[in-house]
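Order-wise, the sequence lines are chains U and H. Under this note's numbering, the letters of the first sequence match residues 1 to 427, in that order. Under this note's numbering, the letters of the second sequence match residues 1 to 209, in that order.
Please keep in mind that the hints were generated in silico from the structure rather than gathered at the bench. Just so it is clear, CB atoms sit at the ideal spot from N, CA and C, and this is done for glycine as well. Hints may be right or wrong, so weigh each one.
As the list claims (entries may be wrong) - Here's a subset of chain U near chain H, in silico, CB distances under 8 Å, partners left out: (1) 42; (2) 78; (3) 87; (4) 119; (5) 123; (6) 238; (7) 241; (8) 389; (9) 397; (10) 399.
Claimed, not checked - Taking CB as the label site, the calculated pair distances span: (11) 265/U x 31/H: 16 to 26 Å; (12) 69/H x 217/U: 50 to 60 Å; (13) 265/U x 100/H: 36 to 46 Å; (14) 260/U x 28/H: 41 to 51 Å; (15) 145/H x 240/U: 40 to 50 Å; (16) 217/U x 145/H: 52 to 62 Å; (17) 144/H x 230/U: 39 to 49 Å.
Stated by the list, open to error - Keeping only pairs whose Cα atoms sit at most 25 Å apart, straight-line, the calculated BS3-like set for lysine-lysine is: (18) 87/H x 83/U; (19) 50/H x 382/U; (20) 265/U x 98/H; (21) 50/H x 265/U; (22) 100/H x 152/H; (23) 83/U x 382/U; (24) 50/H x 83/U; (25) 316/U x 332/U; (26) 50/H x 401/U; (27) 68/U x 401/U.
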Amino acid sequence: MSTRTVEMALATPGLDDRGRPSRLPLGVGTAVDDDLGAEHMLVNIGPQHPATHGVLRLVLELEGETVKRCIPHIGYLHSGFEKLGEYRHYNQIVPLTDRTDYLSPMANNVCLALAAEKLMGIEITERCQVLRVIACEMSRVISHLVWLGTTGIDLGAFTPFLWSFYQRERIYNLQEAWTGARLTTSLTRIGGMMADVPDGWEAGLRDFTATFTKTLDEVDTMFTRNSIWCGRTQGVGVLTADEAINYSLSGPMLRASGVDYDVRKDRPYLGYETYDFDVPVGEHGDIYDRYRVRLEEMYQSNRILEQALDRLARLKGAPLNTDDHRVILPPKGRAMSDMEAMIHHFKQVMEGVPAPAGEAYLGVENPKGELGYYFVADGTAKPVRWRIRPPSFINLACLPKLCEGALLSDVIAINASVDIVMGEIDR
Amino acid sequence: MTAVAPGLSPSVEALRAAFGSAVLRSAVSCGDSIVWVDRDRAHEVLAWLKNTPGQEFNYLTDITAVDYRDPGQPLEVSYQLRSLGRKVDLRVKVPLDKAKPLTVDSVFDLWRGADWLEREVFDMFGVTFAGHPDLRRILMWDTYAEGHPLRKDFPLRGNFTRAEQTRQALAANPEAHYSMEELSIADAFNELPDDMKRRLLEGQRGELR
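The following block holds chain U by itself, in its conformation from the complex:
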């Protein structure tokens, strides 16, 4: 039998005392079928569902339209990257990282190179650092643009999706010109980069940084004070600062809850401490604040990109790769004409670069949160253990908590706000 009391009539929601659109109280309705009211319903979403952003499967227990329990199922995209890494040389792991968080492959490449360099004790050149910063920030912009577009679609706004994907395409073109690939970039090598940027490439990125924020302004105009957007996101999926820390969240999820922690500021790498940028921090910990944090991060990434381009112009002609011959291949011309160089090339490719016994963890601020690579080495050219600290995986773990008591339609919005990428969750 139904346990609900039907007293109120359906009404158009007005504004609450804080000026935000009020939401219909739960359990309101005039013609509720008794059969549906009392018992809980099981709803399965995914793994093939556009709103789960990949092969995520959610089993929901509903009472009416309220979520009582959310049980996520993951692993549909499990590829065993960590196991594969144990069978590969350090440089051969780089292509695996492309395929984990496939929305920001260049940032993953950079993290891998940094972790392996920490393990081997290799210093990289200043020009290499600047190019890596550019790679990281380009990745942040495209990853956040995908998030912005798809979340807009999930909540019923189609146009910003087209705007953000148009801008994303411009970065993809630059990425393709630099690395030869749109997705599987494999940009870095231990001690340097796979390739320098081609001639005239900087002008393309300058053009992007000069015009890109116009799109963000337009999205800001569309969303930030839009009553539908505010109504669907404000006060939904709230997490306090203490909870966010307790759940080990990182990245925009952590900062939207009011925790001022950004790896770029607090454990700087690649000389991030020398760039001038701000870290946006939210205060309510709801979907709206996560949106505001990510939107502002794109403006800040744009600032970093502009500064990095200035430095790149200053470092024109400076060496790109480290001069440590343990890890860097000899120039192709010498390898083809000089016996010693050819032997060196051959041994390095066939036998790999041995890392000294030890272990190193290095975390970087990826678009999704703190991506960490943890290497354990035993003196051979292949790691004993390569662990990915996956930000999406750890952020998604709080989904049952966020969804508890929310409406079914809010589950879609909450899931979108976590900004997951299944390649990284399932690895």
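Start from chain U and add chain H according to the hints.
Same frame as chain U, now just chain H:
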């Protein structure tokens, strides 16, 4: 063993003072401070690190495990801790003798973030976390029978032949995608055909009949 390596985190000395012989050894590798602690007091040590003023390792960055290539070496569960306020890291490792049951106390009560991380270590290495409320496989499916993929005795292509893997994948039953707990929601279980119910009750999931 007792000499303090250069750059070792002061937390290690504090741990030695507080826990004595439970702190097995410590080292610095690539600038990271690592401390090995005894399995039986691991939870106590981690709780102390989290709650003691001056330590305040309030953020659990990661839990993982390492299985070394030398089969005689113990498997290590590794906790990467961070103090967000003090901006310092510490890695706590708990060696587990492979001849004995691989068990360590769960830190779920200290950090909720440990939930999925411990499930993953259980899934990939077969380490049991005592006190975890919902310890089941996470990346591999519930009926996965080949073992624990990240153990060094697990071959790269799995323990079963490709033919057997394919046969099992094709033979999986639809109800195997739901746990008993999930089927109990909404009386879904009662609506299943009788033979499915019988198979579920017998625990025969994922097998073709």
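Inset, instruction - Check each numbered hint from earlier against the structure, then list the numbers of those it violates in ascending order. - result: 5, 6, 7, 10, 14, 18, 19, 20 and 24
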